[in-house]
Amino acid sequence: MSVIEVKNLQKTFRVKKKESGLKGSLKSIIKPTYRQIEAVKGIDFTVSKGEMIAFIGPNGAGKSTTIKMLTGILYPDSGDISILGLDPKKERKKLAYEIGTVFGQKEQLWTHLTPYDNFKFFGAIYDIPEEVVERKIQELKEVFELEEFLNTPVRNLSLGQRIRCEIVASLIHEPKILFLDEPTIGLDPVVKENIRSLIKRMNKEYKTTIFLTSHDVGDIEKLCKRVIIINHGELVLDDTMENLKYHYLNKKMVEAKMKEKVNLEEEEGITILKDKGYNLKIEVDTTLKSVADALKLLNPDNIVDINISNIPLENIITEIYKKEEEK
Amino acid sequence: MRKYLFIYKSEVMSSLQYLANILFGFLGYFIMLFIFFQLWKYLYSDPDSVMNGYTMAEMVWYVIMTEILWSTLGGKNLCQKISNDVKSGNIAYNLCKPYSYIHYALFSHLGSITIKAVLYTLLGLVLGFCFLGEFPNISFLSILLWIISSIGSLAISSLFVIFIGLFSFKIEDANPFYWVYSKFILILGTIFPIEFFPKILRPILRYSPIFATTYGPANLFVHFSFQNAFRVLIAQFIYLGIAYVLCYFVYQKGVKKLNVNGG
Chain F
1 MSVIEVKNLQ KTFRVKKKES GLKGSLKSII KPTYRQIEAV KGIDFTVSKG
51 EMIAFIGPNG AGKSTTIKML TGILYPDSGD ISILGLDPKK ERKKLAYEIG
101 TVFGQKEQLW THLTPYDNFK FFGAIYDIPE EVVERKIQEL KEVFELEEFL
151 NTPVRNLSLG QRIRCEIVAS LIHEPKILFL DEPTIGLDPV VKENIRSLIK
201 RMNKEYKTTI FLTSHDVGDI EKLCKRVIII NHGELVLDDT MENLKYHYLN
251 KKMVEAKMKE KVNLEEEEGI TILKDKGYNL KIEVDTTLKS VADALKLLNP
301 DNIVDINISN IPLENIITEI YKKEEEK
Chain D
1001 MRKYLFIYKS EVMSSLQYLA NILFGFLGYF IMLFIFFQLW KYLYSDPDSV
1051 MNGYTMAEMV WYVIMTEILW STLGGKNLCQ KISNDVKSGN IAYNLCKPYS
1101 YIHYALFSHL GSITIKAVLY TLLGLVLGFC FLGEFPNISF LSILLWIISS
1151 IGSLAISSLF VIFIGLFSFK IEDANPFYWV YSKFILILGT IFPIEFFPKI
1201 LRPILRYSPI FATTYGPANL FVHFSFQNAF RVLIAQFIYL GIAYVLCYFV
1251 YQKGVKKLNV NGG
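Which chain is which? The protein sequence lines are F and D, in order.
Numbering-wise (the working numbering), the first sequence opens with residue 1 and increments by one.
Numbering-wise (the working numbering), the second sequence opens with residue 1001 and increments by one.
Hint data in this document are derived by calculation from the structure and do not stem from the laboratory.
All values reported here derive from a predicted model rather than from experimental measurement.
Even glycine gets a Cβ: it sits at the ideal position worked out from N, Cα and C.
Take these hints with a grain of salt, some might be off.
[Stated by the list, open to error] Partial chain F-side listing against chain D, Cβ under 10 Å, derived:
(1) 103
(2) 150
(3) 179
(4) 288
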């Protein structure tokens, strides 16, 4: 069952053009000129209930504009959006009761209040009876381990603690879909890991659909089973994480420590990434050469140590972005 | 309504963190009242004489009451906050919450000035008593109606300031508009009662927002009558509606064209 349906979604921004210098400034007042920026150019996708989906793309690709249209913040120019059967353009308030949003770069908590008072506040704005809010706070307090700082003003919390509270605040009304826009931005690796496991747990325990945008490959890799890549306002990929990792580029990385130097130049299907004499790092295109054949070329008796791994997801994504740039 | 009362309550709690700021503001308030007290003392060579229907004591109490409303409102901060919300795109993030931004802005502002209103009122009454040695002839009912009309005045003034702040949807900076508006209110209703202006201006002022926001409540304190109270409350009711409709109209038009920077 689809909880998000997007058809031919488009959004164009009109941006004022200004020439440099004083003359340009005066000209822009007397005769302003504008240019059109097509932020989203007719994208289509659906998301099923309970899915954890990564919606990614380079800066300026149109992902934040899309998330803002999905949550009712921006009006699309054309196309259809259905979130849980609701149109964000026309039924924004109704939709607000069904979804949760966390924008990593925007605070939604009141910094002078404690997380507890903030949660009570969010309970009130979602018209939840007080005893239900109280019960929910106690429950989420356990899940998100907030006990220690539940009664400390938000302004005195660390970034990781604040983000945890931001997520809890967006869960008070038990949303069916949670939109997370870069939730781990600026966090250290330990806290990032903590937040990721909490998001996973939330998806598992409450069956919340997660729509995640992030530049952090770790978030995408560890949380999502499906990935949608957007660039220049167009969808460039909509596939499972498994396909993306293992089939999209069909490449393996081999790092080997050798007894003797080997010359692999001009070998089809092999790209030398690093060659420091006895230490070698190569990329094997498995559509042209199998890993076994590549190892034969290295000569197993000549190998002191070896590590065969998949290409990091980050490289795959960068490769996809680059390919799109070249088109 | 519960959500807006909670927003109000949260802001009252939040404003308690800034008590020192409020107490510091007392200094300016005291200086202002002291200057006006000296001015009226000089102008009323005989304290029992009546000028345009006001004795010296009534005149001082009038200024104390309008100054309480003026100092409490904090219109400049509110206009700046709304303007910044629009310009930074913060206003957009309220759209995915189930509340009205105008209600939110109004109740959160009223919450943030509640403690200030109580403290300024107490200080105003103490200063008035120290300057004049007596309170005007007031009853429990007149005090109650004055409090109601003062709340109405602050709500209307806040909505007008929100309306001006929302101009930022169209223009880069709404503050110059607020500056002009505030000077009109200050000169035409805060410092002098309507009776001190030329006859030709008086009817205009009586039907302007000045009657509902400054002159009406202050005049109610010094010249209380049920007829007067009824007139003030009716005017406030009408202006509350007008101010809200203006805000709603500008806001609805603005959010449709909202342009939020992407990430």
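Right, here's what the structure says about each hint:
Hint on residue 103(F) holds. Least Cβ distance to chain D is approximately 7 Å, under the 10 Å limit. A distance limit of 10 Å between C-beta atoms decides the matter here; for residue 150(F) the minimum to chain D is near 16 Å, and the interface restraint is violated. With 10 Å as the threshold, the beta carbon of residue 179(F) comes within range of chain D, its nearest partner Cβ sitting at about 8 Å, so the hint holds. Here the hint on residue 288(F) is broken, as its CB sits about 39 Å from the closest CB of chain D, past 10 Å.
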